[in-house]
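Single-letter residue listing:
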Amino acid sequence: MESLGASLSEVTVRFGGQVAVDALSLDIHPGRVHAIVGENGAGKSTAVNVLFGLIPPSEGEVRIGGAVRRLRSPRDAIDAGLGMVHQHFTLVDSMSVLENVVLCAEPDAGGGLVDFAAARAELVRLAERHGIRVDPDARVAQLSFGARQNVEIVKALYRDARLLVLDEPTAVLTPREIEALFAMLRRLRDAGRAIVLITHKLDEVLAIADQVSVLRKGRLVASRTLAADMDAGARRELRDALGREIVGGELPTPLMRDPRPRGEVVMRATGLSGRAGAMRLGPLQLALHAGEILAVAGVAGNGQDALVRALVGLEPRAVSGRLTLAGRDVTAAGVAQRRALGLCYVPEDRQRAGLALQATVAENASVGRLGGAGFARGPFLGRGHMRRFAESLIRRYRIGVRGPRARARTMSGGNQQKLVVARELELGGVVTIVENPTWGVDIGAIATVHRELMAMRDAGQAILLVSSELDEVLALADRTLVMSGGAVVAEFDRDDTTRQQLGAAMIGGGGSVAA
Amino acid sequence: MLLDPAFLGSVPRFVVPVLLAALGGALCERAGVFNIALEGFVLVGAFAAVAGSWWAQSAGVGVLFACLGGMGMGLLFAEFSVRRGGDAIVVSVALNLLAIGLTTFLLRALFGVSGAFRDPRITGLGTVDLPLLDAVPLVGPPLAALLSGQSPLLWVALALTLLLPFALARHRYGLRLRAAGEAPQALRTGGVSVRRLRTAALLGCGALCGLAGAQLSISNVNLFVENMSAGRGWIAVVAVLLTRGRPLPLFGVAVLFGTADSLSVRIQGLGLPQQATDALPYLATLAALIVASVWRRRHAAAGA
Amino acid sequence: MTAAVVVRALRRAAGVTVPLALLAWLLIALAGAPPGEAIDAFLRGAFGGRRHAYLLSTLSRAGLIVGMAMAAWLSFRAGLFNIGGEGQLVLGGLAAAVVAVHAPGPAPLVMAWAVLAAMAAGACWAMLAGALELAAGVPLLIGSLLLNYPASFFASWVVGHPLRDLASGLPQTDLIVNERWLPNFPGTRLDIGVAVIAIVTIAVIAYGATTTHGLRARLNGLSPAFARASGFPVRRLALQTLAGSGALAGLVGALAVLGLHHRYSDGMLVQPLYAWTGIVAVLLVALVPWAVPLAGFFFAALATGAAGMERTAEVPREIALILQAAIILFVAGYTARSVPGARDDGDAH
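Residue numbers (the numbering used here), protein chains in the order written: chain X, 2 to 516; chain L, 798 to 1101; chain A, 87 to 435.
You may find that some hints are simply not true.
What the hints assert, rightly or not - One side of the interface only, derived from the structure: several residues of chain A facing chain X at Cβ under 8 angstroms:
(1) Thr296
(2) Thr297
(3) Thr298
(4) His299
(5) Leu301
(6) Leu305
(7) Leu308
(8) Ser309
(9) Phe312
(10) Arg314
(11) Ala315
(12) Ser316
(13) Gly317
Unchecked claim - If you anchor each label on the Cβ, the simulated ranges turn out as follows:
(14) X:Gly193 x L:Ala966: 35 to 41 angstroms
(15) L:Ile1087 x X:Gly111: 42 to 48 angstroms
(16) L:Val1091 x X:Val20: 51 to 57 angstroms
(17) L:Ala966 x X:Asp211: 40 to 46 angstroms
(18) A:Pro319 x L:Ala913: 47 to 53 angstroms
(19) X:Glu123 x L:Leu940: 46 to 52 angstroms
None of these hints come from the bench; they were simulated from the model. Quick caveat: nothing in here was measured; it's all calculated off a predicted structure. By construction, the Cβ of each residue, glycine as well, lies at the ideal position given by its N, Cα and C atoms.
Excised from the complex, chain X in its bound form (with noise of 0.2 angstroms):
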């Protein structure tokens, strides 16, 4: 295999009026594993979607194995030795495996039918080379996150691709099949082909790459080679150094707990199960208490999606058991009746759930509250308070947006995260639910809303944070809960929760702690 190298020099990429890549070059070699690392919204993903030939540069040029390509599609990037994996699966979840391998690429056995019986042996030999486990046969729709990125990575080999390109490729894995990952691009590496990873987790960059690159607003801000063994004070300082040149200044301080003990019980399920797709939720319990924050973590599909739905009422038939709220009996009730008892909730699809993203700031942040005083006169809307609320909302969080008769849609993901934090934690109500509420959002953002999170923790409001980053878990959590399979495995109190410990109990069983 003829090893191959790339790189970007001096690619800018605008779109309309932002520059989302600035005068970017980038080495990568063969035989190396080169991370990209930067924070949501650091180009890392468009720098690479310029290399594959998704997007064209503005300006610069991509040079790959020596030689200046001008890339019109990703077919251009793939005939000439590329291979990626997206950061969401662009698998036909209806088709088989050697399906979804062989799309795009197909051997012809004759008139555009297809050789699926060469196609097949080719894969099983390719699976044998690199350790790679797969059944041709299996649906994609029922193939775990992990398998699902096997066949992604397979695929890529199977195209003869010797730069491989993975984009955030353990957003969805669990602990274990990290390892597994990791192992086989070490595989791959060695074998001589070119490794880019983009990340933004520090311990995957010392756990496997070669080289670093750090990546803010668009531009390269360092790139250093690592030496091969380095003892725990040399990675301290290296992590350091890399979340500095991250963020762009100093981290954000760690935020303060207040000790004071949890109160009673405001929301309690049991034996609650039901279903969502194919997964089965079930049976569990939790009870949450005023003043804590209660994590559900896990690797995403494992039934939390599920369980939230549950819990905020939002297909209240397909539930069994027994769900209380602030005392009362709420198994039956809809959406309606448990936010009027006091349930909040964050949803983790900010733009489609959080948000009505072409209504205005002050529509999205009045929605909850158009029964109440000031709010509305008889069936009209007050739309002068409406402005007025939406500007408090936007004084306090500091949220970044032009006023409050702009759309939510001229809002940066971290601002619109902040506008829907906001509105439910403003409702006051006694249980808030939160789904994710960091993902793909900037750190100032993210700190914001923990921080916020926090404050109203303290002020004894009650807090399910649903969560599979477990960085997240770990700084917020009083008490932590994780999930598999549709169940709840283990359980966690906030001074024994390690992050092994999580990550064991994520891959099913093990860790209880009595509450």
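Chain X is already provided as a structure; the job is to place chains L and A on it using the hints.
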């Protein structure tokens, strides 16, 4: 009465247009194009068939024109929805109206008539006879009534019903078509143009709807009447949505609707007012939708 | 409004009008009519006539189209793709005619009952489509569309058999007595239906902009997931909005019966495609409410002008329909999703 040879013979005449249009709709559905303009496609096809057949005094040319007319509509859809990004529903509504306007306009401008166009120069599509079928014991005569003496488009429709699932499973473009509808990003990241696939699906849909129209205007009868498609395109849309474009269930649904349609015409003879039998296919479609959805719900609740 | 925005608007306007003008020219040529004469006939047919008879006719038609457009607007903005306006219109018109012809009592009272009956009929038919979706899972788009046909057929049967006008033998109700006709504007032949529609249009727009119900309905249309997560009573909202939409369609039918035709005859509300024209008018202006009357008037002028072209220059009047459809196609390519909440077709690239 159901086995009455005259009734059996009439069923395919109603099934074929719905089936052909539905197969065309299935192509769009699988490719991810929400095309609800089948009614307009079929109407244009019916008119084009008559125009072509009249002009060249040949049914073959009529069929060719029908395909071309349908494909023209498909191209319009592709241009304004796939390429320019117009909402598919808006484009569909516009194309349906365009079809009504265009066919009626041309009826008057080109042929100088309104209402209906009859002319001896319109050459009808012949029939395909299967004389040997009669000799088969027991099932022969009813099968003969059903299948013999029918339009060649029946056989085209049946062949496509079998060909389509095969192509979707085993042909390169069948695979890509399915991906276009379910996960277009799989194609984009593979460097294949989703737009081109969807345009091809629309062209295929246009051709098939054109054939459906030809069946209506130069096979079932030999004339063109304003608004000749008379809801067949809408029934095809419903069939496609019900079955999500899967060819074999689609066949079953099309046969069901076609039979109901044919039945409603027969019932007319029993003294019910014209309008009641006219409404029957729509009521039957609604009933079928309700039953299907209730069945689906019960099936899902029972756990899978 | 920056210069760039204006330039873009002008370029788009040109991108629509130029192909349209070409298309119109082509169609007129196909019909074998001299273009100058045809255009002249068009303008006179839409805006001229003795004592502005044609202009008034355009206004009258515009009123009905705008009414149907606002009915569609109410549904579409709430994310409800109710395309059953035609059925609701027909049943409304029929109900009004039946009451106005056969009910006893003083004229103003009977007329009020006729209007109420029409609105009730339209509202019920629209809610039926909604119920089909909520209870039986039939998508509103399909259910409302399919219900158009039985409604038309039923109305056709009613005026063809039990309530037929025996004097003329035509499929229509008897003529409504004079006292129960909508009054005209003084000194003209235009009935006040247009004014009623204008008032109703303003009220409907005000509803959308200033009431909490209107805001909730609109937010539901923009983002159904958001509405559900926020605890909106989505089912109640949907049924209430559909009822309003159907009632408005029924009202339009009543106005057409009491004002324009003074009876209900088979096909009189379907043939001119009031409902479908209303739908395309509202889609054309991408649901911007104050532009709906403009679009309605435009399409009405197109239709009456084309009728004039047919009378004088022998260009079939369907040219209006063709041009209308072409306009929608071109504009569709320029506007982003016109109907919030309608099925997302995915990207165009």
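Verification of the supplied hints:
With 8 angstroms as the threshold, the beta carbon of Thr296 of chain A comes within range of chain X, its nearest partner Cβ sitting at about 5 angstroms, so the hint holds. Below 8 angstroms, beta-carbon pairs count as interface contacts, and Thr297 of chain A has one with chain X at about 5 angstroms; its hint therefore holds. Because the closest C-beta pair between Thr298 of chain A and chain X is about 5 angstroms apart, less than 8 angstroms, the hint holds. Annotation: interface hint on His299 of chain A holds; nearest CB of chain X at approximately 6 angstroms, less than 8 angstroms.
Interface restraint check: Leu301 of chain A against chain X, minimum CB-CB distance 6 angstroms, threshold 8 angstroms, status holds. At about 5 angstroms, the closest approach between the beta carbon of Leu305 of chain A and any beta carbon in chain X falls short of 8 angstroms, and the interface hint on this residue holds. Against a cut-off of 8 angstroms between C-beta atoms, the interface hint on Leu308 of chain A holds, since the closest Cβ of chain X lies about 4 angstroms away. Contact between Ser309 of chain A and chain X, as hinted, is supported at the beta carbon level, the nearest pair being about 4 angstroms apart and thus within 8 angstroms.
The criterion of a C-beta within 8 angstroms of any C-beta in chain X is met by Phe312 of chain A, whose closest approach is roughly 5 angstroms, and the hint holds. A cut of 8 angstroms between beta carbons decides the hint on Arg314 of chain A: the least distance to chain X is about 6 angstroms, and the hint holds. Hint status for Ala315 of chain A: holds, given a least beta-carbon distance of 4 angstroms to chain X, under 8 angstroms. Below 8 angstroms, beta-carbon pairs count as interface contacts, and Ser316 of chain A has one with chain X at about 5 angstroms; its hint therefore holds.
Interface restraint check: Gly317 of chain A against chain X, minimum CB-CB distance 4 angstroms, threshold 8 angstroms, status holds. For the hinted restraint 35 to 41 angstroms between Gly193 of chain X and Ala966 of chain L, the CB-CB distance of approximately 38 angstroms keeps it satisfied. A hinted range of 42 to 48 angstroms for the beta carbons of Ile1087 of chain L and Gly111 of chain X is consistent with their spacing of about 47 angstroms. Distance hint check for Val1091 of chain L and Val20 of chain X: the Cβ-Cβ separation is about 55 angstroms, which falls inside the suggested range of 51 to 57 angstroms.
Take Ala966 of chain L and Asp211 of chain X: their Cβ atoms lie about 44 angstroms apart, and the range 40 to 46 angstroms holds. For the pair Pro319 of chain A and Ala913 of chain L, the beta carbons lie near 51 angstroms from each other, so the given range of 47 to 53 angstroms is met. Taken as a hint, the range 46 to 52 angstroms holds for the pair Glu123 of chain X and Leu940 of chain L, whose Cβ atoms sit roughly 47 angstroms apart.
Against the hints set out earlier in the document, no violation occurs for any number.
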